[in-house]
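Colleague: Residue numbers (our numbering), protein chains in the order written: chain S, -4 to 366; chain Y, 3 to 419.
These are computed hints drawn from the structure, not numbers from a lab.
Keep in mind that this is a model prediction, so the values were computed, not measured.
Where hints are given, some of them may not hold.
Lysine-lysine pairs mimicking DSS-like chemistry, simulated, CA-CA at most 27 Å apart [unchecked claim]:
#, chain 1, residue 1, chain 2, residue 2
1, Y, Lys173, S, Lys271
2, S, Lys185, Y, Lys104
3, Y, Lys104, S, Lys64
4, Y, Lys125, S, Lys188
5, S, Lys281, Y, Lys63
6, Y, Lys130, S, Lys61
7, S, Lys271, Y, Lys381
8, Y, Lys126, S, Lys188
9, Y, Lys126, S, Lys181
10, S, Lys61, Y, Lys126
11, Y, Lys173, S, Lys184
12, Y, Lys381, S, Lys119
13, S, Lys64, S, Lys306
14, S, Lys97, Y, Lys130
Pair ranges (Cβ atoms, derived) [said to hold, decoys possible]:
#, chain 1, residue 1, chain 2, residue 2, range
15, S, Ala114, Y, Ala275, 48 to 54 Å
16, S, Ala219, Y, Lys132, 42 to 48 Å
17, Y, Phe208, S, Asp96, 46 to 52 Å
18, Y, Ala275, S, Gly55, 41 to 47 Å
19, Y, Glu154, S, Asn201, 23 to 29 Å
20, Y, Glu154, S, Ile247, 30 to 36 Å
21, Y, Arg149, S, Ile247, 44 to 50 Å
22, Y, Phe208, S, Ala219, 20 to 26 Å
23, S, Gly365, Y, Phe208, 19 to 25 Å
24, Y, Thr66, S, Gly248, 54 to 60 Å
C-beta: ideal position from N, C-alpha, C; glycine also.
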Amino acid sequence: MKKLSKLLLVLSFALSISSSAFAVTVASWGGAYTESQKLGYGDPTAKKLGVPINWVDYSGGLSEIKAQKEAGKITWDIIDVFAMDTITGCDEGLFVEFDFDKDFPPAPDGTKASKDFFAPMPSKCAVGNILYSWNYAYNTKNVSGTPKTIKDFFDTKKFPGKRAIYKSALTNLEIALAADGIKPGKGGKKIYKALETEKGVNRAMNKIKALCTDPNGGCVFWSAGAQPPELLVSGEVVMATGWNGRFFNAEIGEGAPIKQVWDGQGLDYEYFVLVKGGPNEADAKKALAMMTSTEGLAGSAKYIAYAPWRKSSLKVMAAGEPWYKDGKTNMVPQMPTAPANTKNYFLVDPIFWADNGTELGEKWEAMKAGL
Amino acid sequence: MSSETGKILTTDGIPLEVSLKKAERKNKIKAFLLVAPLLLFLLITYIFPIGDMLMRSVDDKMVTEMLPKTFKSMEKWDGKELPPEEVFESFYLDFQKLVEEKRDGKLSTQLNYTKNGFKSILKKLRRKAKNFEEGNYKEQIMAVHKRWADVEYWRAIQRRAPAYTSQKYLKGIDMYKNEEGKIVSVEEDRRVHRILWLRTLEIAFFVTLLCFLMAYPIAHLLATLPMKYSNLLMICVLLPFWTSLLVRTASWMILLQQQGVVNDFFVMIGLVADDSRPEMMFNKTGTYVAMTQILLPFMVLPLYSVMKTISPSLMRAGKSLGGTPFVAFWKVYFPLTIPGIGAGCLLVFILAIGYYITPALVGGASGTLISNQIAFHMKSTLDWSFASAMGLMLLAGVLAIYWVYNKLVGVDNIKLG
């Protein structure tokens, strides 16, 4: 009996070592998003590589990985993070720095990886995963006329009714300036230049303040991604900013009377990072290269309306339309990176927000307290 | 009596006193070993983390060690105008060393906590510093970015010189130590923490009050009804406990929003006009309603357990001695329930000042509380020392309230059941 239990102990120990040594663990946001990642490129990669990929949920931020590192027991290999976190984590030495063109495969036509990605990476530790956009949508039943531009979002005369905007300053200051007449310029450079100055920040804050205190307008602040479509459908607000994937789900998936406007929107990104000293760094690196390849990234867009980072992935999708999993919806026009949708947009600048986020956040809260 | 006869000896010749102590010591050790796991548990899960938080919130050795030369040369600088060439040179030397060790990122994160805007200018400096010529570092550094020619940024670096600091606590109440060593407030449009502290206290206070007003009659009813009804009622009180917090919050949103069920009902019965529906959600009203409902059981249960022990004959005696029902209630019943009120109020208040998910969802523009700020610095900026400082300030606030309560009512009076 004793021998048996000892044997079992040794066996389970060996098993726990081997399972952690052979699997790659990816931390992501959970829900439909992780599902799209798992089906789109997680499972195919695991099959090709012969290494199981485990998906665990987390709620964003770097506190968990920092705590894991401080405790000396890192359990994650790859993390799906915001742009700002790639910068902070890279600076803190939590993530592996990449040699981009060497570590990631070129596009099918031979374009180097660094040229194939939609924009340059914010830090040496990041590799692009999806792009989503902060655009606004309206309820077609409660709005007379057709809002077409970002100016219309702030135009309470033409389109009276409450608006829903994000609870913190991120992207709100940018759209305020875009609506106030600043042309975003290439990738939104002009907006961020204006926001570098005190005057520009005040101009943006005043624009928001005017909208929220307008008797014909008014603001509802949303904090969870599911709120904007819900607020639109219930009639609580007439227009709402939000994430395009959520609006897509409400419009196509549930048939809600919602229409998105592609003007003055902010393109934001999700990245993968490779944890330094993770349990299975070598395999994780290989898996990451496969997951972010042209076919890999295109795969996830089959299940969710977020755009793959690689430009070459869009071509794969266009050739395979209707790409959406329901077999009848064309996905390329739904992509925030599609040429028709990127006539007037800005790229959310993670470096600007990493630099100024705290102080702008304080000013924003103070402004909100005075509403 | 001589000492020899005074000592009582045991059979083996050892004085009884000593032998007794020996036996008792064994018992003491046994008793201690019995509580040792609990003690260890408390130490590991409670004392140690709080100690760690306290250390984090004041410890600033990291930056002190990163810029040794800079801080040394800054000792002579008065902080009025831009520092002399010497400071620029030593900063450059310190920084180059950090770049070699790949620790410059950590420095930029740390300095960015003190003053926003350091991250990008340090990155720029790293790129440009490779091509620096020897000598005249002041001009070369200032040419990298205009912020390097702004004395504010150098003052911010100077503020990080001491190895131990109270800065994070000052920042928690929107103050800082200026270059003359005086403690002053930050610019007016950035004084947000004070607003948040006051708002947190206000919301916690009113939620506690509302909970008390609603829980008292419910608890009384529970305590006086016959068992078969009171059990059913008890289940109704406890039911929210078994539902997820987010579900409850979301259902309040559906009920109370302007196009929500309650407002639809008001319009239907003609209480309000369709175009002037009252706003009951996405403002403080929403927060009060949702939080009161969520925290109500924490008030009902201690009140109930205390009321259950009050004999109904006491009220009868009060009335038969000539008191009106109100006098009997006020003079006899109410004072007996004070231990339950104390326990319930403390419990609800302490839980309420730490709440942040519910207010963020239903509170609209006023939905940010101090705990949101703590979570923000824990998760996004990774400024754990600031988060620790604010956490400890919150803890100090709770302890202060506990102390006041002890002075006014007496802690021995608290009764949880």
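Colleague: It remains to establish, for every hint, whether it holds in the given structure.
Modeller: Evaluated hints:
1. Y:Lys173 with S:Lys271: violated, 33 Å
2. S:Lys185 with Y:Lys104: Not OK: Lys185 (chain S) and Lys104 (chain Y) at ~32 Å, beyond 27 Å, violated.
3. Y:Lys104 with S:Lys64: holds, 18 Å
4. Y:Lys125 with S:Lys188: This hinted pair holds, its Cα atoms lying about 18 Å apart.
5. S:Lys281 with Y:Lys63: violated, 39 Å
6. Y:Lys130 with S:Lys61: Distance ~30 Å between Lys130 (chain Y) and Lys61 (chain S) Cα, so the pair is violated.
7. S:Lys271 with Y:Lys381: The hint holds at about 19 Å.
8. Y:Lys126 with S:Lys188: holds, 16 Å
9. Y:Lys126 with S:Lys181: OK: Lys126 (chain Y) and Lys181 (chain S) at ~21 Å, within 27 Å.
10. S:Lys61 with Y:Lys126: holds, 26 Å
11. Y:Lys173 with S:Lys184: violated, 32 Å
12. Y:Lys381 with S:Lys119: With Cα atoms ~21 Å apart, Lys381 (chain Y) and Lys119 (chain S) stay inside 27 Å; holds.
13. S:Lys64 with S:Lys306: Judged against 27 Å, a Cα distance of about 35 Å means the pair is violated.
14. S:Lys97 with Y:Lys130: With a Cα-Cα distance of about 26 Å, the restraint between Lys97 (chain S) and Lys130 (chain Y) holds, given a limit of 27 Å.
15. S:Ala114 with Y:Ala275: 48 to 54 Å: holds, 51 Å
16. S:Ala219 with Y:Lys132: 42 to 48 Å: Cβ of Ala219 (chain S) to Cβ of Lys132 (chain Y): about 45 Å, so the range 42 to 48 Å holds.
17. Y:Phe208 with S:Asp96: 46 to 52 Å: violated, 60 Å
18. Y:Ala275 with S:Gly55: 41 to 47 Å: Given range 41 to 47 Å: holds, Cβ gap about 43 Å.
19. Y:Glu154 with S:Asn201: 23 to 29 Å: For Asn201 (chain S) against Glu154 (chain Y), whose Cβ atoms are near 24 Å apart, the range 23 to 29 Å holds.
20. Y:Glu154 with S:Ile247: 30 to 36 Å: violated, 51 Å
21. Y:Arg149 with S:Ile247: 44 to 50 Å: holds, 47 Å
22. Y:Phe208 with S:Ala219: 20 to 26 Å: With a Cβ separation near 25 Å, Phe208 (chain Y) and Ala219 (chain S) satisfy 20 to 26 Å, so the hint holds.
23. S:Gly365 with Y:Phe208: 19 to 25 Å: holds, 21 Å
24. Y:Thr66 with S:Gly248: 54 to 60 Å: holds, 55 Å
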